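> The sequence shown begins at 1 in this note's numbering and counts up by one.
Among the hints, a few may not be true.
Okay, the calculated beta carbon distance ranges per label pair [to be verified]:
{"hint": "1", "residue 1": "K406", "residue 2": "Q203", "range": "44 to 52 Å"}
{"hint": "2", "residue 1": "H190", "residue 2": "S141", "range": "40 to 48 Å"}
{"hint": "3", "residue 1": "E254", "residue 2": "S405", "range": "40 to 48 Å"}
{"hint": "4", "residue 1": "E240", "residue 2": "N286", "range": "20 to 28 Å"}
{"hint": "5", "residue 1": "H190", "residue 2": "K146", "range": "27 to 35 Å"}
{"hint": "6", "residue 1": "T171", "residue 2": "E194", "range": "52 to 60 Å"}
{"hint": "7", "residue 1": "A3", "residue 2": "Q268", "range": "50 to 58 Å"}
{"hint": "8", "residue 1": "E409", "residue 2": "H190", "range": "29 to 37 Å"}
{"hint": "9", "residue 1": "E336", "residue 2": "H32", "range": "18 to 26 Å"}
{"hint": "10", "residue 1": "V308", "residue 2": "K146", "range": "34 to 42 Å"}
{"hint": "11", "residue 1": "E325", "residue 2": "A153", "range": "25 to 33 Å"}
{"hint": "12", "residue 1": "E336", "residue 2": "L410", "range": "17 to 25 Å"}
{"hint": "13", "residue 1": "S405", "residue 2": "V326", "range": "55 to 63 Å"}
{"hint": "14", "residue 1": "Q327", "residue 2": "K270", "range": "25 to 33 Å"}
Hints listed in this document are in silico derivations from the structure and should not be mistaken for laboratory results.
Just so you know, these numbers come straight off a predicted model, no measurement behind them.
Where a beta carbon is used, it is the ideal one built from N, C-alpha and C, also for glycine.
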Amino acid sequence: MDALTLTFALAPHIVRGLASGIYVRTGGVIQHAVTKQVVAWLRDLVPTPTSSPNNLLNLVASGANAAVTAKGLADVNGRLGGIENQLGELGQSLQLNQGILQITTAASVLSLGVSVMGFAVIAQRLKELEKRLKQAEELLSKVNRKIDLSFYANFRAAIELAVNAFTMTKTENRRSSALQAINRFLEAEHIYTEYTDIEIEEQSQIADEYLMTLSLAYLAEARCYLELEEHDTALRRFQEGAKVIRSRTEKYVEILLTSNPAAYLQPQFKDVIDLRRMTRIYQWVNPTLDENDVFNIERENLFKIATVPYEWVESLPVAILTRVEVQGGWFGPSHEDLKKEADKRLPQVLELIESMIETNRRFEAYQTEVQAISQLGISFHDWLKLTPSTEIKPDGAELMYIIPSKPLEL
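Whole structure, please, built from the sequences with the hints as guidance.
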C-alpha cells in the first residue's frame, strides 16, 4: 500500500528520534513527543510472553524497564556501544531495534497491536488470569476471602460465540451472533468493573487480575465491532473503556507504591531499582515531572524512612503483604519480620506496577490504530493482512513496523 511502508527494520530517523526524545513509544505506537503525530506502529510477529503466576514481568531475564525515555535510551545504547556507532547497521540489526524500543522487556497481558489480539489470544490470556486467581484462593482463604470464578466461564462462552459468529458465511447470521457476543462482553464489563472496584477498596492482591480481565472484556467487544467493520463504534468503546481502566489502574498503582514510595529507593535496592524507574511511573500519572521533581517528592519520605523505618511497614496494603504470610514469635511477626518480607517483595511489586502501566498504555494505543484504519481508508481485514512484500523475515524477528509515508495526525 503506497501510503504505508511495511518493514522488519526500524528506520534510522525514527531511532534517532527515539534516542533524542523527539519520538516516544506509547504501547505499540511511536509518536512525536509534542505533536503526538504517529510515525510508526509496531506489530508483534509472535504472541507476547505468557505471564508467570508469581511474576507478571520477567525483567530479570530482559534486563531493562518497560517505558522508553530519552535517558533510559541513553543507558541502553551505552551498553550497546553507543547509538551513533550503530546507526549504519540499523537496517540489518533487529536486536538493536528491539533494544532501542525495549519491547521485549515490556511483558503485558496485551499485545502491541489490536490486530494481534484475536479471540484465540484473548481466550489464552483469560485462561492465564483464571489460573492465577485459582492459585490465589489458598492465600485468600486464610483471611476469609472467597473468589467467584463462575463468570470466567461466561466470558469464555462469549468468546466462543464470537469465534463462531465470524466463521459464518451468511452476513445476517454473522451479525446477529456477533451482537449476541457483544451483549455478553458488555455484561462481563459490568461484572468485572464491580469486582475491580471491590478489590481495590480492599487493597487486595487480586485487583490487578480483575483489571486485566476488564481490559480483555472491552477489547473483545471492540474486536467484534472491528470484525464487523464498525470502526467508529469500536473506537468509541476503546475510548470509554480507557477511561474506566485508567482511573482504576491509577488507584491501584497508588496503593502499591505504599504510604511511603521511597521504600522502593532503599539502599539495598540500588542495583535493582533506580530513580529513573520511579520517575517513569510518576510520569505516567503526570508527564511534566522529571527526575528532579520526583526526587523532591521523595526527599521527605527518604528522611522519614531513616528516622521511623517501620512506619510504612505497619500500613502496608494486603496487596503487598498480609501478616498471616509472615512467621513470627508467640505474639506474631515483629516489625523487623514484616520489613524483611516486604523488602523481598518490593522489586517484584514494582515490576507489577510497570506491567500494569504498559498494559494500560497498549490498550490506549489501540485507539490510534483504529483511527489510522479509518483515516487511511483500509478495511480492518486488509489491515490484518499487512506484511512486507519484498523483505524476508529475519530469524528471530519479533516485530514488524508499519510506517506511514507522512506522520499521521490522529
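> All the hints need checking, so say for each whether the structure fits it.
Comparing the hints with the structure gives:
1. At roughly 47 Å, the beta-carbon separation of K406 and Q203 lies within the given 44 to 52 Å, and the hint holds.
2. The hinted window of 40 to 48 Å between H190 and S141 is violated, with their beta carbons roughly 27 Å apart.
3. At about 42 Å, the CB distance of E254 to S405 agrees with the hint of 40 to 48 Å.
4. The supplied range of 20 to 28 Å is met by E240 and N286, whose beta-carbon atoms lie about 23 Å from each other.
5. Taken as a hint, the range 27 to 35 Å is violated for the pair H190 and K146, whose Cβ atoms sit roughly 20 Å apart.
6. The beta-carbon spacing between T171 and E194, approximately 35 Å, falls outside the hinted interval of 52 to 60 Å.
7. Under the hint 50 to 58 Å, the C-beta atoms of A3 and Q268, about 53 Å apart, fit the expected range.
8. Our hint of 29 to 37 Å for E409 and H190 holds, since their Cβ atoms are close to 35 Å apart.
9. Against the hinted window of 18 to 26 Å, the Cβ-Cβ separation of E336 and H32 comes to about 50 Å, which falls outside the hint.
10. At roughly 36 Å, the beta carbons of V308 and K146 sit within the given window of 34 to 42 Å.
11. Take E325 and A153: their Cβ atoms lie about 30 Å apart, and the range 25 to 33 Å holds.
12. The given range of 17 to 25 Å is broken by E336 and L410, whose C-beta atoms sit roughly 53 Å from each other.
13. Separated by about 59 Å at the C-beta atoms, S405 and V326 satisfy the suggested range of 55 to 63 Å.
14. Distance hint check for Q327 and K270: the Cβ-Cβ separation is about 28 Å, which falls inside the suggested range of 25 to 33 Å.
Hint violations for this structure: numbers 2, 5, 6, 9 and 12, all remaining hints satisfied.
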